[in-house]
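Novice: Residue numbers (this note's numbering), protein chains in the order written: chain A, 1 to 494; chain B, 1 to 172.
For the record, the hints were derived by calculation from the structure and aren't laboratory data. Check before you lean on any hint, since a few could be wrong.
Which stretches of chain A does chain B cover? Using the computed rule of at least three CB atoms under 8 Å from a CB of chain B, they are [stated by the list, open to error]:
hint	region
1	351-358
2	401-412
3	456-467
Quick reminder that beta carbons are idealized off the backbone N, C-alpha and C, glycines included.
What follows is each chain in one-letter form.
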Amino acid sequence: MKKVLIANRGEIAVRIIRALRDMEMSAVAVYSEADRTARHVRLADEAYCIGPPPSSQSYLNMDAILDVAKRSGAEAIHPGYGFLSENAEFASRCAEAGLVFIGPPPAAIRAMGEKTQARRIMAKAGVPVVPGTLEPLRDAEEAAAEAEKVGYPVMLKAAAGGGGKGMRLVHEAKELRAAFRDASSEAVQSFGDGSVYLEKAILKPRHIEMQILADAHGNVIYMGERECSIQRRHQKIVEEAPSPMVGPQMRAAMGEIAVKAARAVGYVNAGTIEFLVDERSQFYFMEMNTRLQVEHAVTEMVTGIDLARAQIRIAAGEKLRLRQEELSIRGSAIECRIYAEDPENHFLPCPGKIEAVRLPEGPGVRVDSSVFTQGEVSLYYDPMVAKVVTWGRDRVMAARSMIRALQEFQIVGIRTNRNFLLQIVSHPEFLEGHLDTGFIPRILGEREFRSPGPHPVADIAAAIFAYESARRQQPCAGAAATGPSAWRRAVGRG
Amino acid sequence: MRYVILRDGEQVPVEVLEREGGYLVKLGGVTHAVDSREVVPGLLSLLVNGKSWEVTVYSPEPHFYHVHLWDGMRRVELLSPIDVVMRNQGGTTAGRGLHVRSPMPGKVVRVLVAPGQRVSRGDGLVVVEAMKMQNELQAQGDGIVREVRAREGENVEGGVDLVLMDPVDGDG
Numbered sequence: 001m002k003k004v005l006i007a008n009r010g011e012i013a014v015r016i017i018r019a020l021r022d023m024e025m026s027a028v029a030v031y032s033e034a035d036r037t038a039r040h041v042r043l044a045d046e047a048y049c050i051g052p053p054p055s056s057q058s059y060l061n062m063d064a065i066l067d068v069a070k071r072s073g074a075e076a077i078h079p080g081y082g083f084l085s086e087n088a089e090f091a092s093r094c095a096e097a098g099l100v101f102i103g104p105p106p107a108a109i110r111a112m113g114e115k116t117q118a119r120r121i122m123a124k125a126g127v128p129v130v131p132g133t134l135e136p137l138r139d140a141e142e143a144a145a146e147a148e149k150v151g152y153p154v155m156l157k158a159a160a161g162g163g164g165k166g167m168r169l170v171h172e173a174k175e176l177r178a179a180f181r182d183a184s185s186e187a188v189q190s191f192g193d194g195s196v197y198l199e200k201a202i203l204k205p206r207h208i209e210m211q212i213l214a215d216a217h218g219n220v221i222y223m224g225e226r227e228c229s230i231q232r233r234h235q236k237i238v239e240e241a242p243s244p245m246v247g248p249q250m251r252a253a254m255g256e257i258a259v260k261a262a263r264a265v266g267y268v269n270a271g272t273i274e275f276l277v278d279e280r281s282q283f284y285f286m287e288m289n290t291r292l293q294v295e296h297a298v299t300e301m302v303t304g305i306d307l308a309r310a311q312i313r314i315a316a317g318e319k320l321r322l323r324q325e326e327l328s329i330r331g332s333a334i335e336c337r338i339y340a341e342d343p344e345n346h347f348l349p350c351p352g353k354i355e356a357v358r359l360p361e362g363p364g365v366r367v368d369s370s371v372f373t374q375g376e377v378s379l380y381y382d383p384m385v386a387k388v389v390t391w392g393r394d395r396v397m398a399a400r401s402m403i404r405a406l407q408e409f410q411i412v413g414i415r416t417n418r419n420f421l422l423q424i425v426s427h428p429e430f431l432e433g434h435l436d437t438g439f440i441p442r443i444l445g446e447r448e449f450r451s452p453g454p455h456p457v458a459d460i461a462a463a464i465f466a467y468e469s470a471r472r473q474q475p476c477a478g479a480a481a482t483g484p485s486a487w488r489r490a491v492g493r494g
Numbered sequence: 001m002r003y004v005i006l007r008d009g010e011q012v013p014v015e016v017l018e019r020e021g022g023y024l025v026k027l028g029g030v031t032h033a034v035d036s037r038e039v040v041p042g043l044l045s046l047l048v049n050g051k052s053w054e055v056t057v058y059s060p061e062p063h064f065y066h067v068h069l070w071d072g073m074r075r076v077e078l079l080s081p082i083d084v085v086m087r088n089q090g091g092t093t094a095g096r097g098l099h100v101r102s103p104m105p106g107k108v109v110r111v112l113v114a115p116g117q118r119v120s121r122g123d124g125l126v127v128v129e130a131m132k133m134q135n136e137l138q139a140q141g142d143g144i145v146r147e148v149r150a151r152e153g154e155n156v157e158g159g160v161d162l163v164l165m166d167p168v169d170g171d172g
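Can you build the whole structure from these sequences, using the hints too?
Specialist: Written as structure tokens, this is what we have:
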């Protein structure tokens, strides 16, 4: 395999290009009209336009992408995450076109894509699943009957997709009917399929996921877990490896179950089994992600294994090099996702032009990003700015480096959730490792998330900014003999 | 140059004086020696009595400044004394009322209010979908809905008024 097309954009496209470069392989980029100057285009060996900005016409346009593969002579396609990465039809079409899809077989994608089918397959394979229905619910009546069986509180979930869409937590029977209706309509909007199923709601759950790698020769290994309980509205924002609550025995137990799950669907390549863990450390299969995940970097930092490279090697037919007993977890890694959104304004996305950006660097810091000065955070795609990852000898060191790295991060022109992330990783509950999926709602509630109180330096800065802005607008009066001259206006990289 | 900061109903005087290639800033009875450099537009490096501060300042509209220190964002309302007088005479802010406008292009998913409806600060008015997320636009103060211009299913541009509201009890 010599040439690979990346059917994606943004930081993950850059990530994959870097893996290809490390392997001395050729990278083909595709871009929409909004991404002509994007970093992944400029770092690739070849780049081809696939359509106008909207995803449906570009990064989801299978015909256009397959056509570029043909024209460029690419032998394989890496789908990244999101977009077409879990699209079984796309994986099939790659195979039909004689291209290697860097991911699992279409059948595995399909099996895990419909959530109730995934639960059935897992239950049959002896993998513990959250008690609940194994088929989509016919209607609200059936939902009510099933809810009585497993006991409230229950969680209604969309069968056709995840990411928090089409989910409703129901505490009492009288709320069920309305919740069923809302979950179903949201599911139709997000996935085109209103099917809903039901699980017992686990209180104060932890969301812990296990990375696996499987080659095409029947070898499957687990790569260690990731703790992903820090979520806002079911979107992960801070992840870490290893999980503070998982010791070697629990890791081995979860890992073996994850391997069993992967074998049950004939899985090949990189994948992740998501578990919900209750207060008694009982873990239950929630779903399987049949792609490389956003937060894969923390696993790479503690295992020393490059997962993107492993994916490419597996797709090229190589056997896994690492044996299970050789897996070693060293130190602790934390990832914070910096998004262009405004926590002070209901986390509204803030697309726009980046006037200046300074990404953190230094010991124990890794940043996966595609932003650049004068670049745009587009309104057509997700507002990811950067993934900041830190590694430390232990969790406390990793957290300290994360605080330092987030403080170093500087951006002008768009709003980000940087300060919110700082509050999270500085919080005593975080530092003690007391994490569950209720963490964010709790701290948002307790700290009355608002601007901090007045600070004299803020007042001084506003006054000087106003003063200098006014002076700039007065062509003659501004050049006062006693004042600072234009020479002092130092413009640098910051 | 003299300014006034309006905060919590009070007026805080600030004075900026150019002195020896830097500034003296008088604030709250304290005089600060400040060396200020604009590293890139909007990013200031301030040395205040020897302490180093990196600050980004953005002015979304006249007299309002969003100041980011490392620990968060603060809104500072700063006017010249003339602006204060004009405002007291009812000159400057031509009441936009509490109109809610779409912050960016998107699609109206749900309209939650009707004309004549009384709403409180924080109540949801319209749900707009943009960038794959649903965002609920909320009332910024207590008021009465005057007109609803958003239609469910309709695409909207950024900066367009979606719900017109009038404040009650002199609020806004």
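Novice: Each of the hints needs a verdict: does it hold here or not?
Specialist: Status of the hints after comparison with the structure:
{"no.": "1", "hint": "351-358", "verdict": "holds (count 3)"}
{"no.": "2", "hint": "401-412", "verdict": "holds (count 4)"}
{"no.": "3", "hint": "456-467", "verdict": "holds (count 12)"}
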